[in-house]
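Q: Keeping their order, the protein sequence lines are chains H and W. All letters in the first sequence, in the order written, are residues 1 to 214 by our numbering. All letters in the second sequence, in the order written, are residues 215 to 623 by our numbering.
Hints should not be assumed to be uniformly reliable.
Said to hold, decoys possible - The list that follows gives simulated cross-link-like pairs (lysine-lysine, DSSO-like), each with its CA atoms no further than 27 Å apart: (1) Lys96(H) / Lys441(W); (2) Lys228(W) / Lys117(H); (3) Lys225(W) / Lys96(H); (4) Lys12(H) / Lys530(W); (5) Lys527(W) / Lys230(W); (6) Lys469(W) / Lys230(W); (7) Lys96(H) / Lys614(W); (8) Lys35(H) / Lys210(H); (9) Lys234(W) / Lys141(H); (10) Lys213(H) / Lys12(H); (11) Lys531(W) / Lys230(W); (12) Lys141(H) / Lys225(W).
Calculated from the structure, these hints are not laboratory results.
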Amino acid sequence: MNTITLHNTLPKVFAGRADTGSEIWLREVTFERGKHYLISAESGTGKSSLCSYLYGYRTDYSGTMAFDGRDIRQLSVAEWCEVRTHHIAYLAQDMKLFPELTALENIMLKNSITNHKSEQEIVAMMNMLGIGEKVNSLVAKLSIGQQQRVAIVRTLCQPCDFILLDEPVSHLDDQNNAIVAQMVMAEAARQGAGVISTSVGNNVKISVDKEFKL
Amino acid sequence: MSKSNNNYSSKHLKWKLLRKHISPSQLVGFSLASLIGLTIVILAVQFHQDVRPIFNDEESFIKKDYLIITRAVSTAGTLLGGSNEFTQAAIDDIQSQPWCRKVGKFSSNDYSLYATISVGGYGGSAMGTMLFFESIPTEFIDVADSEWKFDPEKPEIPIIMSRDYLSLYNFGFAASQGLPQVSEGIISKVPIEFTLRGNGHNDTMKGRIVGFSNRLNTIVVPQEFMKWSNERYGSGLERNPSRLILEVNSPGDVKMQNYLDDHGYQVAGEKMQQGKAQYFLTLVVSIVIVVGIIISLLAFFVLMLSIYLLLQKNTKKLQDMLLLGYSPSEVARPYINMVLAINAVVLVVAIVLMLLARAYYLPMLQAMGTPGGTIVIALVVAVIIMALISVGNIIAIRRKINALWIQQS
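Bound conformation, chain H alone (with noise of 0.2 Å):
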């Protein structure tokens, strides 16, 4: 996948809105593989549901969303778990872990199906973010802090073209955001992966290709 469009898109919620003054909603928006995107959002300004549209799990836009120019409404199920598990790496706001399993359970939960990294590399990217004694740590027992980290590194156990982030450095200290920023930066640059990050305010200090104002 080397490009993601967006062409006249706009959340139903928004409907009937003249001008949104955002430079994504009814525009004409590319993103390209390879490329870094901030998308810079104030709170209700529609950044989850973009997030949400692009990984196919709501559907309540108007306009068209496309990936290689093929609308993304006609992607079947099975075209969408490929999509999640070798095209597109997603961080959720809400982190979407499961409280009952370790931090290492929670992330092997991803890499068992893609098989992208392994075990050691896991736990030395914990290593690297400070939780590397919570591997087997429920998840229900750590702090917030700690549990984002705990979704970045299993967002970046897979095969991409492109890393979508959602607030993802929102319960990080300036330390841990510049180790997550760098992570990703080489996970990218490895993958020849584009990555796109939203973010209400606390940016993950990546460098910027083009930013956006949602």
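Keeping the supplied structure of chain H fixed, place chain W upon it in accordance with the hints.
A: Frame of chain H; chain W shown alone:
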């Protein structure tokens, strides 16, 4: 290493996640209900298979049923000389009834008949008795025999006798008097002499028993012999038959019963009672099967509700797994496997219970002279029912999980 890999396999992790909220008591409830329902159904099917031969004394593949009817003999009729014969109009009316396939007339001898059996070689020690003959169209006779014909040039009379007569002798008379029992083979070889007298003729002919009938409660000779002998020895008067043999669709038919009652016709033998008993057997078995199926259906819905509840409680988890890239069928698989495992156990246990129950009642049936039917049909029914239930379960689980694919905003 392999242990840790195992612990982190997608299968293991999936099950660890999705088994949450599974209610063992609901599953036990379903399993028991399903087991009871299935066992009842297949036991009823098996019982029907085992008991049916008691009612079918004929082995013919397409079963036909025959009734022999007479007009009721009343005291007044006897005193006043009323006729017990069937008029042609009455026969035509019976023939036109929907439950009746064919009607055959009994004709009887219109002359004096005396039978003698020579016993042993003691120089003419003989037993003799007055006798009667009847004949019916050959198509109603259940004993196939190439000797079933009569040639006036070489007069020998083939006879078919009711098997009941022989049984009466063997099990009633001979047993009580200490006389030897005789087989059908032996009695067929006993030569019988018949003296036919009337219309100025007096002849003696040889006769032989060529067969025994379960259906005909009389002594039957070929129709061609009856016609020939009545012309030669009889009075020449055409008489209406006093007995009819009917081939009917079902001897337990209520409409037929009403018709016969209304016209004052009586049914000979217990065929009709047997027909009724068979009818009630089928009825009772059908009711039991329906009850079993209803229990099975209820069990099916209990399981469906239980699974829907489970899926409902795990909705968030299932949706998050779909977002990780698990396909709906992968997410459904642990539940499907669980249901299939339960159904397989229920199937096996139900079959075992059915066989145990059968082992309990079969000796009683064997005492009644029936070896029991095949178990194949009950097994096939069990597998088909479980397959249908399993397919229903799988479809329901798949549909429910597919419905989680698109989330509401």
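Q: Are the hints correct? Go through all of them and say.
A: Going down the list of hints, with the structure as the test:
| no. | hint | in the structure |
| --- | --- | --- |
| 1 | Lys96(H) / Lys441(W) | violated (99 Å) |
| 2 | Lys228(W) / Lys117(H) | holds (19 Å) |
| 3 | Lys225(W) / Lys96(H) | holds (19 Å) |
| 4 | Lys12(H) / Lys530(W) | holds (23 Å) |
| 5 | Lys527(W) / Lys230(W) | holds (15 Å) |
| 6 | Lys469(W) / Lys230(W) | violated (65 Å) |
| 7 | Lys96(H) / Lys614(W) | holds (21 Å) |
| 8 | Lys35(H) / Lys210(H) | holds (8 Å) |
| 9 | Lys234(W) / Lys141(H) | holds (18 Å) |
| 10 | Lys213(H) / Lys12(H) | holds (19 Å) |
| 11 | Lys531(W) / Lys230(W) | holds (12 Å) |
| 12 | Lys141(H) / Lys225(W) | holds (24 Å) |
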